[in-house]
Amino acid sequence: MINDIQAYGLLAEFHTPADAMHAAEKVRDAGFTRWDVHTPFPVHGMDEAMGLKDSKVGWFSFLGGSTGFTLGYLMIWFMNSYNYPIVVGGKPLMSPMFPFPVVYEMTILLSAFGAIFGMLFMNRLPKLYHPLLKNCRFKGATHDKFYVIIETADPRYSDAGTRELLESAGCKHMETVED
Amino acid sequence: MASSSTAPQLKISAPPREIEREPLVLNQRSPGWISDQIAGIIEGKTPTWWWVTMAISLPIMLMCFIMIGYLISTGVGVWGLNSPIAWGWAIVNFVFWIGIGHAGTLISAVLFLLRQKWRTSINRAAEAMTIFAVMCAGIFPGIHVGRIWFAWWLFPLPNANGPIWPQFRSPLLWDVFAVSTYFTVSLLFWYMGLIPDLATIRDRCKGVVRKFFYGLFSLGWTGSNRHWSNYEKAYLLLAGLSTPLVLSVHSIVSFDFAVSQVPGWHTTIFPPYFVAGAIFSGFGMVLTLMIPLRSLFNLQDLLTVRHIELMCKVTLATGSIVGYAYGMEFFIAWYGGNPYEAYAFQNRAFGPYWWAYWIMISCNVITPHLFWFKRVRTNMVFVWILSIFVNIGMWFERFVIVVTSLHRDYIPANWSYYSPTYVDVLTFIGTFGLFMVLFLLFIRFLPLIAISEVKGVTNHADPHHPLGGAKGGHHS
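Taken in sequence, the protein lines are chains A and B. Going letter by letter, the first sequence gives residues 1 to 179 in my numbering. Going letter by letter, the second sequence gives residues 1 to 476 in my numbering.
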């Protein structure tokens with residue numbers, strides 16, 4: 001029966017951010033693609049150590065902001081000068097000025113939606129199931145431990161080779177994670 | 001030359017003591033200690049003082065709802081409003097509570113952009129304070145419309161009254177958008193900051209019910225660095241968006257007054273003056289809340305005297321801006337040459353409401369200047385008492401602006417005097433009950449200090465520090 005359980009990946013535990021970062025550099029240089037580092041707080045410099053590109057969340061925020069800006073002006077133009085034109089103080093029905101405070105707030109609101117929902121989308125969250133969250137040892141990832149996980153699905157993964165690589169990086173504990 | 005191939009040994013001596021920074025987390029506490037300490041507050045037994053405070057706050061909150069029920073069922077006549085003074089305590093309380101909220105956003109967003117790492121120990125509680133304060137604030141414009149069942153007219157919703165829409169030239173409508181955007185963005189920012197900490201609690205807690213709820217709201221967070229990368233970008237963006245937002249919210253609140261033609265309201269200084277006052281009052285409230293929490297939960301290593309001192313300095317800076325604005329208002333009232341404006345200001349200081357004006361001046365102009373002294377800033381009891389004076393002074397500032405400007409307008413035949421009724425008073429006190437109930441629930445069920453963020457500012461988190469595992473070697 002034990003053979004039926006698929007291995008998700010190899011989990012290596014580190015006790016300091018520096019160790020985890022050096023390990024990440026080794027894994028990056030070995031050319032792995034399906035792997036990750038789990039830390040209780042963002043470690044400064046880890047993105048470079050993992051070879052990650054700049055996050056794309058900014059684009060979602062920009063898209064949200066542009067939508068908010070356009071939608072705000074369109075809404076006010078539609079409501080106050082097209083669908084129900086109303087003259088106030090003998091002023092023109094539409095001007096870029098008076099809607100500005102509302103448009104400004106809508107720009108910020110939708111940019112913020114873009115930032116947070118873009119972040120959740122890029123991270124594929126919320127996630128109802130993750131093999132690592134079943135692992136008892138992994139609870140340290142939100143406490144004070146640092147983990148490098150290399151998935152078995154990685155084309156460069158091999159039981160012996162990957163184990164040796166992580167051992168040479170100086171991990172304190174290693175185990176296979178079930179899928 | 002064989003000796004030239006070996007690099008010269010560089011010895012960097014420690015900086016002199018007086019320019020060394022005090023650490024943000026005292027006693028070299030480790031990341032593990034930080035989670036234990038903060039999550040321990042939620043996991044431990046509910047303290048007796050919590051039950052006592054809750055038992056006091058709940059009936060006060062209920063009183064607020066009863067008063068609102070009485071107002072709605074009877075009409076705005078139960079308040080002390082009269083003909084020229086159509087804006088009384090409701091608007092005073094609205095501006096007061098909205099202002100309180102501003103410190104939370106300043107700490108979470110502006111100080112983040114300015115790389116003030118000390119914010120990490122106070123941002124979570126301050127953001128919670130913002131959200132609850134905005135909730136208290138939101139009650140008042142809703143109920144002061146009189147026929148509350150028409151409050152939805154504030155929003156541009158399609159309706160059966162023919163094509164009829166809100167009128168977007170009104171600053172009151174700008175306010176609807178500003179406050180609702182502020183509440184939504186603050187809530188999202190706060191919740192996003194909570195995600196990694198909820199995961200910490202999820203991974204520690206024992207009970208099935210707790211595990212389910214903390215698990216649900218932590219969205220399956222695993223601390224993946226690929227996630228942190230996007231998370232940090234989103235955090236930076238939200239900080240960058242909240243900064244212009246927080247400045248705009250109280251500016252727009254001030255437009256409610258400044259865009260009108262009432263002497264005493266119609267001034268261009270209002271937006272910056274309101275924003276500074278809001279941050280001043282908000283820091284007053286943060287100090288009022290954090291000083292007791294720090295001792296009750298033994299958080300002295302995380303919320304150090306340095307943190308309190310820095311907050312006192314922000315209070316001093318913003319309080320000075322407020323004091324300057326009071327002086328400048330008077331100068332312009334004289335220099336502008338408008339007799340109505342000049343009269344409004346003379347009347348403020350020496351008219352029937354002189355007492356409110358001088359309470360405001362003594363609390364807001366004198367109090368912050370005591371923070372010039374280190375002995376004051378480091379005395380927790382004294383700072384706490386002064387923070388209460390800031391809260392009182394800022395409430396009176398709004399009272400002075402709203403009531404004294406309205407009670408004597410252009411035609412003396414319209415002049416009147418405004419006094420609140422017991423309904424006004426009890427509704428306002430009731431909102432403190434609501435605020436306290438929400439805040440007590442927050443400190444009982446959610447981490448009141450941002451665990452992952454505080455871990456990130458310790459030496460243990462720095463891969464280039466010996467405590468973070470640096471061996472002194474070079475890494476690529």
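Treat each hint with caution, since some may be false.
Said to hold, decoys possible - Below, simulated DSSO-like cross-link-like pairs (lysine-lysine); rule was C-alpha separation at most 27 angstroms, straight line: (1) A:Lys139 / A:Lys91; (2) A:Lys172 / B:Lys471; (3) B:Lys117 / B:Lys374; (4) A:Lys56 / B:Lys117; (5) A:Lys91 / A:Lys172; (6) B:Lys374 / A:Lys139; (7) B:Lys45 / B:Lys206; (8) A:Lys127 / B:Lys206; (9) A:Lys56 / A:Lys26; (10) B:Lys471 / A:Lys26; (11) B:Lys211 / A:Lys134; (12) A:Lys172 / A:Lys56; (13) A:Lys56 / A:Lys91; (14) A:Lys172 / A:Lys139; (15) A:Lys127 / B:Lys45; (16) B:Lys211 / A:Lys139; (17) A:Lys134 / B:Lys206; (18) B:Lys45 / B:Lys211; (19) A:Lys127 / A:Lys139; (20) B:Lys11 / A:Lys139; (21) A:Lys53 / B:Lys117; (22) A:Lys134 / A:Lys91; (23) B:Lys374 / B:Lys11; (24) B:Lys313 / B:Lys374; (25) A:Lys26 / A:Lys172; (26) B:Lys471 / B:Lys11.
To be clear, the hints were calculated from the coordinates, so they are not data collected in a lab.
- Query: Against which earlier hints does the structure fall short, listed by number upward?
  - Reply: The structure breaks hints 1, 5, 6, 12, 13, 15, 20, 22, 23; every other hint is satisfied.
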